[in-house]
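Please work from the sequences and hints to get the whole structure.
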Amino acid sequence: MRDYERYIRYRTFPTPWCPGCGDGIVLKTIAMAFADLKLPPDDIIVVSGIGCSGRMPTFFNTNTLHVTHGRALTFATGIKLARPEKTVVVISGDGDATAIGGNHLIHAARRNIGIKMILINNGIYGMTGGQVSPLTPQKFITETTPYGNIEPKFMASELLIAAKASFVARETVLRMHPLRQVIKKSFEHKGFSVVEVISNCHINLGRRNKLKDPITMTKWIASRSVTQAEYDKLTSEEKAHKYPVGILMEDKERLEYSELYYKHIVPAAKEAAAKQSAEGK
Amino acid sequence: MSKKREVLQGNIIAAKAAVAAGCNFYAGYPITPSSEVAQYMSAELPKLGYDFIQMEDEIASLGACIGASLSGKKALTATSGPGFSLMQEHLGMAVIAEIPVVIINVMRGGPSTGLPTKPAQADMLQARWGTHGDHPIIALYPAFSDEIYSETIRAFNLSEKFWTPVILMMDEVIAKAHEDIEIPDQKEIAVFNGADHPLDEDLNIYDRQIGEIPPRVDFFKGYPIHIDSLEHDRHGWPTTDPALVDKMQTLRMQKIYSRLDEIIKFKEYRMEDAEIMIFSFGVSARAAIAAVDLARQQGIKAGLFQALTIWPFPERELKERFKRIKKVLTVEMNMGQMKLEVERVATDDVNTRALLRANGVPFTPAEVLQSLKEFVK
Ligand SMILES: Cc1ncc(C[n+]2csc(CCOP(=O)(O)OP(=O)(O)O)c2C)c(N)n1
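Protein chains in written order, with the numbering used here: chain A, 1 to 281; chain B, 1 to 377.
Think of the hints as simulated: they come from the structure by calculation, not from any bench. Mixed in with the good hints there might be a few duds.
As the list claims (entries may be wrong) - Chain B stretches covered by chain A per the calculated footprint, using a threshold of three residues with CB under 8 Å from any CB of chain A: (1) 117–131; (2) 220–231; (3) 345–352.
What the hints assert, rightly or not - Capping the alpha-carbon separation at 27 Å, the derived lysine-lysine pairs in DSS-like fashion look like this: (4) Lys47/B - Lys86/A; (5) Lys190/A - Lys275/A; (6) Lys4/B - Lys270/A; (7) Lys377/B - Lys270/A; (8) Lys176/B - Lys38/A; (9) Lys221/B - Lys86/A; (10) Lys221/B - Lys263/A; (11) Lys275/A - Lys16/B; (12) Lys28/A - Lys221/B; (13) Lys4/B - Lys267/B; (14) Lys176/B - Lys118/B; (15) Lys187/B - Lys275/A; (16) Lys270/A - Lys47/B; (17) Lys221/B - Lys190/A.
What the hints assert, rightly or not - If we take Cβ atoms under 10 Å as the criterion, some of the chain A residues that face chain B in the derived model are: (18) Leu37; (19) Pro41; (20) Asp42; (21) Leu65; (22) His69; (23) Gly70; (24) Thr77; (25) Leu81; (26) Ser223; (27) Val226.
Quick caveat, the model's predicted, so the values are computed rather than measured. All C-beta atoms in this analysis are idealised placements derived from N, C-alpha and C, irrespective of residue type, glycine included.
If you want it as structure tokens, here you go:
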């Protein structure tokens with residue numbers, strides 16, 4: 001048994017994912033990051049909402065929680081506040097995170113609560129069979145945009161930076177090595193962290209857009225990812241078709257929410273209580 | 001020892017009782033007429049080293065409570081109609097995954113934003129059926145200050161004991177009114193704490209006999225468990241196997257319906273020789289009590305059945321009384337919700353009638369009396 005396999009719950013296999021799906025790579029990479037950090041499995045909880053990616057926690061041999069569509073961050077917030085010493089990981093699809101769960105996403109970022117989020121961006125609603133997502137590129141054909149998508153997409157990482165997330169990175173499922181490194185780094189980060197992983201859904205997005213097999217689709221993903229330095233040199237027109245990868249934001253100074261709560265709010269309240277009882281209230 | 005009588009608002013009484021019952025986590029979103037619960041908790045919980053968080057909405061609030069509950073906390077949230085509507089999906093999550101959590105719903109006029117500052121009793125059926133799918137639910141409804149205290153304690157205890165969400169219903173009148181109350185000593189309060197599940201490698205977290213209540217399962221207890229909003233097997237892992245689904249549905253129903261004696265609670269007023277019975281709860285029951293006295297002065301033998309447990313419905317208890325009493329008047333601040341239950345339970349020889357109103361104005365005793373008089377005519 002390899003190191004990372006300690007974190008895999010083989011009892012619940014097989015996974016529901018299509019052959020060639022990027023979700024398997026993300027599963028393994030996260031397990032490897034757990035192993036790299038030697039985290040005791042019972043000190044980890046992995047939470048997810050609904051979606052193909054939402055099925056991932058079932059396969060981790062850690063504490064796992066599969067909740068409602070878009071709401072994983074809310075459950076994780078309760079867990080992190082209740083047990084700040086635990087590693088709380090959230091896995092989310094792009095629809096889960098930025099459509100139905102968009103409000104929770106920006107508020108978790110704003111609070112800087114120490115949840116480690118892996119946002120798997122396959123640009124489509126996979127589980128429900130290929131409807132448009134807020135991260136589907138414009139003009140793409142989906143099951144609910146049969147004449148092409150007219151809505152511009154969010155840039156998830158940039159949205160998170162604007163919402164004051166203290167750690168934001170973007171990687172792709174093709175770059176497993178750097179992906180493992182950034183996930184590991186994000187797990188070590190104290191505040192709210194997000195790793196946006198660009199993944200392939202050749203079945204539900206690719207098939208309708210001339211990217212119907214995993215090789216063609218991952219090549220297309222590779223052709224669009226550039227380093228931040230390269231990205232900065234592009235014209236705004238060129239930028240529309242590319243995205244920077246790597247760590248995009250890292251702020252180690254900002255205090256994490258539960259730490260602030262226990263270091264600031266609890267002592268302040270206790271002081272108030274002492275004062276009240278001294279005054280005989 | 002001399003006990004202190006205090007004058008406190010209903011919301012604050014509930015909040016104090018929650019802390020006495022062991023509540024150590026609150027997540028909520030402000031809404032009239034329930035916000036005082038959150039305000040009290042924001043000041044008091046951190047004094048005890050406990051958690052308070054104001055979330056971005058009510059969906060998030062109940063999500064955070066469930067997460068905390070699974071991490072070993074006793075969690076509370078409080079809301080009113082619009083927020084209660086938003087909570088319905090997570091209420092179902094707490095039902096299917098069998099997670100203790102207490103939700104206070106202070107009822108105001110609806111539908112929608114409705115009458116934010118006026119009372120109603122119009123979420124009675126939403127409490128029962130608001131979340132989708134078949135499910136059991138426990139909902140309690142106090143009417144007086146001492147009942148707000150005791151029913152809040154009971155809500156936490158039932159929630160812990162039955163591994164289930166419990167809804168504490170209030171209405172704008174009882175929640176916002178300031179009334180005197182003698183807060184019991186902590187020593188006098190029986191707090192139920194579920195025993196830890198004796199987990200083993202096989203992780204049979206949901207395995208049990210029908211009717212049996214399982215010990216509580218939390219995260220971080222040494223064995224990595226899985227909790228799912230999907231239907232699941234005895235390990236908590238997703239399944240669609242019809243036999244397993246049947247079993248889980250039955251387990252969840254029967255843990256409640258095979259133990260109704262431990263859940264159903266009610267109060268009776270002048271019922272011994274009553275010939276006409278009022279069925280009521282919350283603020284309407286208060287008018288009904290006064291109306292019973294007024295009716296008796298006029299020679300009408302009225303009595304009151306005040307439900308403290310709304311769900312499960314006190315069906316057996318009412319049927320028992322219908323053997324003797326052939327007239328029942330339901331009094332409620334809605335356009336006819338619990339009356340449907342009363343009619344369902346009433347035998348053919350029982351006359352049913354209802355005094356209903358949903359315009360934000362509570363009934364007066366005189367109005368209830370009038371309705372009784374018309375009924376006996
Ligand atoms: C409240 C609610 N609305 C809608 C759905 C249906 N639904 C399930 S998964 C999903 C979208 C999943 O897409 P995404 O989050 O991008 O994840 P993926 O399947 O691509 O991994 C939807 C709309 C649901 N389960 N719950």
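Tested hints:
1. 117–131: Violated - the stretch 117–131 of chain B has 0 residues with a Cβ nearer than 8 Å to chain A, which falls short of three.
2. 220–231: holds (count 11)
3. 345–352: Answer violated; 0 residues pass the 8 Å Cβ test.
4. Lys47/B - Lys86/A: Holds, at roughly 23 Å.
5. Lys190/A - Lys275/A: violated (33 Å)
6. Lys4/B - Lys270/A: Cα-Cα ~24 Å, so holds.
7. Lys377/B - Lys270/A: Violated. Lys377/B to Lys270/A sits at ~63 Å, over the 27 Å cutoff.
8. Lys176/B - Lys38/A: Violated, because 53 Å separates the two Cα atoms, which is more than 27 Å.
9. Lys221/B - Lys86/A: holds (12 Å)
10. Lys221/B - Lys263/A: Between Lys221/B and Lys263/A the Cα gap is close to 26 Å, so the pair holds against 27 Å.
11. Lys275/A - Lys16/B: holds (20 Å)
12. Lys28/A - Lys221/B: Within the cut-off at roughly 25 Å; holds.
13. Lys4/B - Lys267/B: Since the Cα atoms of Lys4/B and Lys267/B sit roughly 25 Å apart, the hinted pair holds (cutoff 27 Å).
14. Lys176/B - Lys118/B: Roughly 10 Å between the alpha carbons, so the hint for Lys176/B and Lys118/B holds.
15. Lys187/B - Lys275/A: holds (25 Å)
16. Lys270/A - Lys47/B: Cα-Cα ~5 Å, so holds.
17. Lys221/B - Lys190/A: holds (23 Å)
18. Leu37: With a closest approach of 16 Å, the Leu37/A hint is violated.
19. Pro41: Holds. Min distance 5 Å.
20. Asp42: holds (6 Å)
21. Leu65: holds (5 Å)
22. His69: This hint holds: His69/A lies near chain B, its Cβ roughly 9 Å from the closest one there, short of 10 Å.
23. Gly70: holds (9 Å)
24. Thr77: holds (5 Å)
25. Leu81: holds (5 Å)
26. Ser223: violated (37 Å)
27. Val226: violated (34 Å)
The earlier numbered hints that this structure contradicts are 1, 3, 5, 7, 8, 18, 26 and 27.
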